[in-house]
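Protein chains: 2
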Amino acid sequence: MAVNWNKNAAGRLVPDQVNGRHQHPYEGVAKYKPTGNKYGSPIVSCNDYPSDGNKIVPDLRVALLKAGLRDGVTISTHHHFRNGDLIAQQIFDIAHELGFRNLIWAPSASFDCHKTLIRYLEDGTIHHIEGSMNGALGEFTSMGKMKGIGILRSHGGRYQAIQDGELHIDIAVIAAPAADAFGNATGDRGPTACGLLGFALADSRFADRVIVVTDNLIPFPCVPWQIQGNDVDFVVIQEKIGLPEKIVSGTTEITKSPDRLFLADMTVHFCEEAGLIQDGFSFQTGAGGTSLAVAHYFAEKLREKQIKARFVRGGSNKFLVRMLEEGLTDYILDGQTFDLEGVRSMRENVNHVNTSPFTSYNYHGKGNFASMIDVAVLGATEIDINFNANVVTHSDGMLLHGIGGWQNCLFAKCTILPVPLFRDRIPVIRDEVTTICGPGELIDVIITERGIAINPLRTDLIERLKESNLPIRSIQSLKEEAKRICGRPEKASFTKNPVAVVKWVDGTLIDTIWQLDTE
Amino acid sequence: MAVNWNKNAAGRLVPDQVNGRHQHPYEGVAKYKPTGNKYGSPIVSCNDYPSDGNKIVPDLRVALLKAGLRDGVTISTHHHFRNGDLIAQQIFDIAHELGFRNLIWAPSASFDCHKTLIRYLEDGTIHHIEGSMNGALGEFTSMGKMKGIGILRSHGGRYQAIQDGELHIDIAVIAAPAADAFGNATGDRGPTACGLLGFALADSRFADRVIVVTDNLIPFPCVPWQIQGNDVDFVVIQEKIGLPEKIVSGTTEITKSPDRLFLADMTVHFCEEAGLIQDGFSFQTGAGGTSLAVAHYFAEKLREKQIKARFVRGGSNKFLVRMLEEGLTDYILDGQTFDLEGVRSMRENVNHVNTSPFTSYNYHGKGNFASMIDVAVLGATEIDINFNANVVTHSDGMLLHGIGGWQNCLFAKCTILPVPLFRDRIPVIRDEVTTICGPGELIDVIITERGIAINPLRTDLIERLKESNLPIRSIQSLKEEAKRICGRPEKASFTKNPVAVVKWVDGTLIDTIWQLDTE
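Note that the protein sequences, when read in sequence, are chains A and B.
Heads up, the first sequence is in the numbering used here, so the first residue is 1 and it goes up one at a time.
Heads up, the second sequence is in the numbering used here, so the first residue is 1 and it goes up one at a time.
Incorrect hints may appear among the rest.
Taking lysine-lysine and the DSS-like style, the derived pairs with C-alpha atoms no more than 27 Å apart in a straight line are [said to hold, decoys possible]:
hint, chain 1, residue 1, chain 2, residue 2
1, A, 31, B, 66
2, B, 66, A, 33
3, A, 66, B, 31
4, A, 66, B, 33
Chain A stretches covered by chain B per the calculated footprint, using a threshold of three residues with CB under 8 Å from any CB of chain B [claimed, not checked]:
hint, stretch
5, 46-54
6, 347-355
Residues from chain A that keep clear of chain B, each with C-beta distances beyond 10 Å, as calculated [what the hints assert, rightly or not]:
hint, residue
7, 43
8, 70
9, 469
By construction, these hints were calculated from the structure, which means they are not laboratory data.
Remember, it's a predicted structure, so these values are computed and weren't measured experimentally.
From the three backbone atoms N, C-alpha and C, an ideal C-beta is built for every residue, glycine too.
In isolation and in its complexed conformation, chain A is listed as follows (with noise of 0.2 Å):
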């Protein structure tokens, strides 16, 4: 069948399939009304299993063909070990071994460790991958060598995508730092703890079958049990799963930039001139420097007030956890540890509660903790004059990154970008984005070194910072300050050959990233 090309809402031009299935035009915030009923996956009986709930299995490769390993099939992972996950390259070892071809890898997020499954992206042992492809595996899909169209969903959008049936997963296999004979699995403890494994929870409930490989198997009952056993087909044991100086990744030391500390505290200067800091009021930062330390100044300003917030949502880290042990924070609703602080924690405070894309950002829900926010602050590699926002590609039009809980997170009740201006004299803020990923209607405000733009959609806030010695101005004065001094940005130069879709969190299309061109 032909594939017919349409601009979208977002004014991007969409396929109407991809790999071969429909996909829906982006519509527009909240506009797109699904239809059908949840995917279920195949009724099983205990008759199959054995009733000394001992599924361990000898091997990966013993499990996976169990599990029904064959061409075409897609294989779901998750990123909990992060950089240090083991898991992956052994699947797709043990599949090219055995010669099968044409695999989909729907990892809930990919990093730089997994780069060495290029080779089997060349030689066809994997097809696509639907998930993110981050570094050298975005490079790869750009450059127009990846067999099929890359898939690029949020965290939330991938729960949307199984529960709905859209991504039907044939083999999900969940590595455990703890877990017993029968499956049930937990995050928060063994030597490779890594907090918890929510990402892995869509795949536990809706994957045909189900496999958790574990570097510590504990007796029956595994408790806390964050994964269910009785999801589980069968458990392997091994001696590693991932590398623990590796797991733990990521930024843990707020930024001594001067100019990213300028963001963190104009960010929270912000959201006191406009009354968002009250008690029992709750935020969502994300894991880099300048979050850790908005994070920080969030805490202190609690502090100076007496009040504290009703919850903060993770990626946990020690300064999230502080707070929650000093009383500024009745809750960690935490989707990701970030830290050793934060697995600890979880694991021996019950109010540092582990949760799952299903609670926190599934839009396909009866609602989700994400809209719940008061303020959520994140990054962006490019904004647009009309506060759409760009987390994927660079100005260059290479895909380096995922999408995470970015897009959920947009449905926050203020969200803001703290951003500097240009980055590397590449205008950040811009008269279009490479790549639309957040449209701007969700996108509040804009925190730059040079000033703070209000999207004009928010009266409100408008009207709270009149009298503010912030500097608030336009959106289209910060881009032009931006093009004095870094001149007119070029414009990323592409082929017509697409490489990979962006989903919007209920499943449509926002945007097309194409090949680029290298002539």
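Position chain B relative to chain A; hints supplied.
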């Protein structure tokens, strides 16, 4: 379509349809192979839910109407409030007042307090019950007065039926002792704390619309959440959702009856001689006085042998809590708390774990906990010489009890039924049971005050007990002795009119319950 009747693998006559839906006959233990996929409820969207997470509506009437209350819909409730439930009555009062008819009530269990619903069964507001028909509701059914055919399911069978789409729930109403406005709910705290809400899990996941009713609204987030707000449509606040003094009902003291104490003692004695009480073993007993005594004696044995259980299954009560706190068991895996000590322990002790019919009992899962238990001690109204047992009808043919978790627990490694040889001069052990609820091949040991019968299939147990001084006898000789004392038992007299069916754990029909012949 004409209903056809077939003899199933238990030798019982069962219909090929019930209330217009096709049915499978029971094929034997572990014989029926389900096909098809699990039920997926309609895909919903955050578009249609308040972004601030506030789902409170003025009252239950409004919630029911918004949830689509109309003729013929199936409404579910759960039984965590046991005989103190105030919600089912309200639902059907509202439905009656609004003139809706032919509703199906799908409670997870019914209690004496629900006999007031008989008038709605009489006037056509309620067409039939799927769940349990206890006491007066059972009598009503046995007299042939219910409009439709009642369907009896075990706790696990209820989960299976809902999951598989065999029991479609239009509207689930979940009474919760603590909840937030988003619908996150828990049962272990608040003025009407009842322990856990696991029996409502299937409903929350698979019902089209879910209403949470609480008398204890707490600010978001309600932590822990046993029911996830992401599954909930509406929240209703009431002054009182249950009668605290009746919520925790059932026998909470060890029996003082010498006969029952003797049975309990003999049960534990048997387990010891059979080598079942080992370090790391597990057991499950029910809630009655004899069961409490068995648990108490098990604890004594563990203390004496200086060993401990790995886990015990609740219904929890103060005896199990004492075991946990004394270090005689690592965990309580609890399906239902039976007293306030159980509730307190569940709230305070992370090793007192709440479970659900999904984890514990669902036969259409990838295994469940029930088959991993070393010893299950259960009751029965009747047992036949092939070890088949009955728990729903009495020997006079009257339906009086639900199945509860009884069928599911039969999958334990050793299932023991301590029963008196006769009750009120009516033999418990007899040639044939009035209703087969559990196949004899899963029932290992019958313990009576006059002797112990081991199922001939359990040659291992027979071997282990062959030097025992315990009064091991054949079940035939026990039956004969009962007959000598009580005379030949009269058979219940039935009409040819079916009034209810009993499902096996896999959704097949194991028996039919017939209208009593009262001529």
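Hints, one by one, checked against the model:
{"no.": "1", "hint": "31(A) - 66(B)", "verdict": "22 Å, holds"}
{"no.": "2", "hint": "66(B) - 33(A)", "verdict": "19 Å, holds"}
{"no.": "3", "hint": "66(A) - 31(B)", "verdict": "22 Å, holds"}
{"no.": "4", "hint": "66(A) - 33(B)", "verdict": "19 Å, holds"}
{"no.": "5", "hint": "46-54", "verdict": "holds (count 7)"}
{"no.": "6", "hint": "347-355", "verdict": "holds (count 3)"}
{"no.": "7", "hint": "43", "verdict": "4 Å, violated"}
{"no.": "8", "hint": "70", "verdict": "20 Å, holds"}
{"no.": "9", "hint": "469", "verdict": "31 Å, holds"}
Hint compliance for this structure: hint 7 is the single one not met.
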